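Student: Chains U and P, in that order, give the protein sequences.
Position in the first sequence (first residue = 1) + 259 = my numbering.
Position in the second sequence (first residue = 1) + 165 = my numbering.
Simulated from the structure, these hints should not be mistaken for laboratory data.
Keep in mind that a hint or two might mislead.
To be verified - Simulated restraints, written as ranges between beta carbons of each label pair:
id	chain 1	residue 1	chain 2	residue 2	range
1	U	Leu270	P	Leu461	27 to 37 Å
2	U	Asp322	P	Glu463	28 to 38 Å
3	U	Asn262	P	Glu781	14 to 24 Å
4	U	Leu270	P	Ser200	46 to 56 Å
5	P	Arg704	U	Glu319	23 to 33 Å
6	P	Leu670	U	Asp322	15 to 25 Å
7	P	Gly589	U	Asp322	28 to 38 Å
8	P	Glu781	U	Leu270	21 to 31 Å
9	U	Asp322	P	Thr601	45 to 55 Å
10	U	Trp281	P	Leu443	21 to 31 Å
11	P	Lys394	U	Pro318	27 to 37 Å
12	U	Trp265	P	Phe197	29 to 39 Å
13	U	Gly320	P	Gly460	44 to 54 Å
14	U	Trp265	P	Arg704	38 to 48 Å
As the list claims (entries may be wrong) - Computed list of chain U residues with no C-beta within reach of chain P, every gap over 10 Å:
id	residue
15	Met260
16	Lys261
17	Asn262
18	Val263
19	Gly266
20	Tyr315
Bear in mind the structure is a predicted one, so any value in this text is a computation, not a measurement.
Note that CB positions come from ideal geometry on N, CA and C, so glycine has one too.
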Amino acid sequence: MKNVVWGLVILLIILHQDFWFWTDKRIVLDFIPIGLFYHALISIAAGVTWYLATIYAWPEGLDDLTAEQQQPATGEDDK
Amino acid sequence: MIVFAAIGEGNAGLTRLIIILVYLSLLLLLGFFASRLFRGTKKDYMLASSSIGPFLLLMSIFGTTMTAFALVGSSGESWKDGIGVYGKLASSSGIIHSLCFFLIGVKLWTLGQKYGYTTQIQYFRDRLNNNAIGLILFPILVGLIIPYLLIGVMAGGTVMNQMTDGAFGKKKGGPPPAIQGLSENAPKMVSIYKDILSSMEKDDSAEIDAKLKAASAQFVELHGGKKPKPPTPQNALPKWMGSLLICGVVLIYVFFGGMRGTAWANAFQTIVFMVLGLVTFCYLGYALGGQEGKGLVENLKAATAKVTPENKVQSQIEQWEKISNLSKNEKTAVAAGLSARRAAPPKELKEYTTRKEMSFLVFVTYMFVPLSVGMFPHLFQHWLTARDAKSFKTPVICHPIFIMIVWVPCVLIGIWGTTTTFSGTPNAILIFLVKTKTGAVLGGFLAAGILAAIMSSLDSQFLCIGTMFTTDIVNHYYPKRYTDRQQILVARLFIIAIVIVTYLLSLGNLTSVFALGVWCFSGFSALFPLVVACLYWKRLTVQGAYSCVIAAAVTWVYFFTQAYQSDNFRTYTVDIGEYQTMPVFWMILASTIAMMTVSFATPPMNEGHLHRFFPESKNKG
Numbered sequence: 260m261k262n263v264v265w266g267l268v269i270l271l272i273i274l275h276q277d278f279w280f281w282t283d284k285r286i287v288l289d290f291i292p293i294g295l296f297y298h299a300l301i302s303i304a305a306g307v308t309w310y311l312a313t314i315y316a317w318p319e320g321l322d323d324l325t326a327e328q329q330q331p332a333t334g335e336d337d338k
Numbered sequence: 166m167i168v169f170a171a172i173g174e175g176n177a178g179l180t181r182l183i184i185i186l187v188y189l190s191l192l193l194l195l196g197f198f199a200s201r202l203f204r205g206t207k208k209d210y211m212l213a214s215s216s217i218g219p220f221l222l223l224m225s226i227f228g229t230t231m232t233a234f235a236l237v238g239s240s241g242e243s244w245k246d247g248i249g250v251y252g253k254l255a256s257s258s259g260i261i262h263s264l265c266f267f268l269i270g271v272k273l274w275t276l277g278q279k280y281g282y283t284t285q286i287q288y289f290r291d292r293l294n295n296n297a298i299g300l301i302l303f304p305i306l307v308g309l310i311i312p313y314l315l316i317g318v319m320a321g322g323t324v325m326n327q328m329t330d331g332a333f334g335k336k337k338g339g340p341p342p343a344i345q346g347l348s349e350n351a352p353k354m355v356s357i358y359k360d361i362l363s364s365m366e367k368d369d370s371a372e373i374d375a376k377l378k379a380a381s382a383q384f385v386e387l388h389g390g391k392k393p394k395p396p397t398p399q400n401a402l403p404k405w406m407g408s409l410l411i412c413g414v415v416l417i418y419v420f421f422g423g424m425r426g427t428a429w430a431n432a433f434q435t436i437v438f439m440v441l442g443l444v445t446f447c448y449l450g451y452a453l454g455g456q457e458g459k460g461l462v463e464n465l466k467a468a469t470a471k472v473t474p475e476n477k478v479q480s481q482i483e484q485w486e487k488i489s490n491l492s493k494n495e496k497t498a499v500a501a502g503l504s505a506r507r508a509a510p511p512k513e514l515k516e517y518t519t520r521k522e523m524s525f526l527v528f529v530t531y532m533f534v535p536l537s538v539g540m541f542p543h544l545f546q547h548w549l550t551a552r553d554a555k556s557f558k559t560p561v562i563c564h565p566i567f568i569m570i571v572w573v574p575c576v577l578i579g580i581w582g583t584t585t586t587f588s589g590t591p592n593a594i595l596i597f598l599v600k601t602k603t604g605a606v607l608g609g610f611l612a613a614g615i616l617a618a619i620m621s622s623l624d625s626q627f628l629c630i631g632t633m634f635t636t637d638i639v640n641h642y643y644p645k646r647y648t649d650r651q652q653i654l655v656a657r658l659f660i661i662a663i664v665i666v667t668y669l670l671s672l673g674n675l676t677s678v679f680a681l682g683v684w685c686f687s688g689f690s691a692l693f694p695l696v697v698a699c700l701y702w703k704r705l706t707v708q709g710a711y712s713c714v715i716a717a718a719v720t721w722v723y724f725f726t727q728a729y730q731s732d733n734f735r736t737y738t739v740d741i742g743e744y745q746t747m748p749v750f751w752m753i754l755a756s757t758i759a760m761m762t763v764s765f766a767t768p769p770m771n772e773g774h775l776h777r778f779f780p781e782s783k784n785k786g
C-alpha cells in the first residue's frame, strides 16, 4: 500500500501537467473555467493522497514519539 | 464609535484606517497574552518549548508560507495572464509543500528533538561534522531572506497608503480639468474598438495588434501626447509610516511573545485572511456580476460569462460611448475627463479562461520553485515547534486544500477584473476593485486581511534571523558563555537590529525588489538537494555538500546577472532553442550533479558518525 501511495503522488505530478485542457474554453458549473476547476480538483486530490500517505506511508514508531520524551544528545548546546 | 463617525462623514479612507488600526491593536494584545505564558527559557522563546499541536501547527505553517502574494499577487497575475497562475503556483505548491513537510519536516523534527537543534545550520554542521559549512550557509540563507522581508515591509506600506486614500482631508486641487476635444475624439475611440471587434470575428491577430496600437496612439494623443498616470493617494497614511507601523507591530509581538506569540498571531492572521478573502470574493462576485436582485450563483455565472476578449473590447466601447455623451455637456465634462484618463487601452487581448499564451515548459519547470520550502530556515524552526510527530499529519493533509480555498477565489476575482477598464499595475487590481466596488468597511477589513497575510510571514522570518544569529554565531563560537536569559536578550537585540535595517532599506527606491521574490525562492530551491541528501543519502560527503552550495550560488548569480543585463527580473527564462524554461530547474540540476559527482569522487564519511543519522541502515552499506 505504501508503494501505491507514492505511485499516487507521482500520478498527481503527471496529472498536474494538463496539456489536455490548455486551450479548452469550457466553463464548469457555469462560472469556473475548466482549467481552473481541474487544478482545484488536483488540490483536493493532493489532500486525499496526503491523507492516505499519513495512514499507509507514515514512518513506523513515530506516532508515539513526543517532544517531551526526546532528550537532546549531542546537539550544538552540548558541544 | 469612531468607525461609525467616519462612516457618517463619508470618509472611506479614515474608516479603513481605523479598522486597520483596531486590527493591529488586536495583534498586539495577542502578543501580550502569549508573553504571559513565556517560561523564560531559550527553547521556549525560539521553539515555544515544542508544545504546538496540530491545529496551531497547520495555521502557523500555512500563514508563514502564504505571503501577500496569496491575495494581491494571485489576483494580479490572473488579471494579467489568466487562470494559468493557479496551476503554475498554487496546485503545484499543494503537492510539493506537503511532500516537503512529509519527507523533510517530519524527519528533521525527529532529529531535532533527538539532538536538540534549533536551527537548520546546527543540523548541517552536525550531520556533515563540519563547522565551516555553517559560515558559508549563514550569509546565503540570511541574504535570501532579506529581500523576502523587504517585499513584505514595502507591500505593507503600499497597502496602507492605497487603502487610506483621503483619510486626512479632501484631495487638493479638486478634479483635473476637462480634456479639450474629448467630444470629437471619443467617437474615434469607439470606432477603433468596433474595428477591433470585426477583426476578432475574422480572427486576424496581426490586424488586431495593429488596431490595438492605433487605439493606444489615439489615447495618448487625446491626453496631449502623454499617457495619463494613474491617480496617486492623497492625504493618506504615507508609505514610510505604513511600513513603520507594520514593522513596529510585528517587532513588539515577536519581541515579547517569541515563537509562541508568532504561532498564535500566525493562526489568528491565517483565519483572518482566509475568511476575508472569501467574503471579498462573494461581495465582488455580486458587484461584477451586475445581476441585481439575483442570487450569488447567478452573479458568479454572469461575472465569468463576461470574461472574453470580445467583452473586454465591448466594455471599452461602452465606456467611450458614455464618455462621448458626457463630454457633450459642460456640467459633465469633468466626469468625462476622469473616465477618459482611466480608460487606457489593453496592451493585448488574451483568453483569460485558458492558458493559451503560457509556455508549457515554463509551467512544467515552475514546479521546482515550491521546493524552496524544504530549505526555508523559518519553516525549519516552525517544524521544530511541533508537540509530537503526529501533529504533522494535519498540515500535510490540509495544506493543499487551504491553498485552494485562498487561491481559487482570488484567481477568479483577477479574471473578472479584466472586464473592467482598470489599467494600473497587476498587483493593484484587487485594491482597485475593493475601493471601487465595495464599501469602506469591507475595504478596511480586506486591507486588514492583506496585512495579515504579509505579517504572518514577516514575524517568522524576523524571529528566525534572530535565532540563527544567536544559535549559529554567538552560542556556537562562545559556548556556555551566556545564560539562557542572555541568549534571549541577544536574539531580541538582533531582531530589533534586523527590523531597523529592513525598514531603512525599504525607504530606498527599491521598486524592483518586488521582482526578486521568485529569485529568493529559486535560491532556496537550488539548495534543496543538500537537505534531501543529508537526510536520505549516506554517501554524501562534506566536499559534495560544499560543491552543492557553490554550484547553487554560481548558477544563481549567473542567471541573476543575465536577467539583470536583460532588464527582465520578473519573467526571465532560460531559452533552449525555441523552448523556455525556468532558471530554477538548471540551478537544481547543477547543484545535484555537483553534489553527487564530488561525493562519489571523495571518500565516504565515517560510518560511526553516520550511524547517529542512519541507525536503521548500519549494516546495509
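Student: Can you give the numbers of the hints that this structure goes against, from lowest to highest?
Tutor: The structure conflicts with hints 2, 6, 7, 11, 12 and 14, although it agrees with all the remaining ones.
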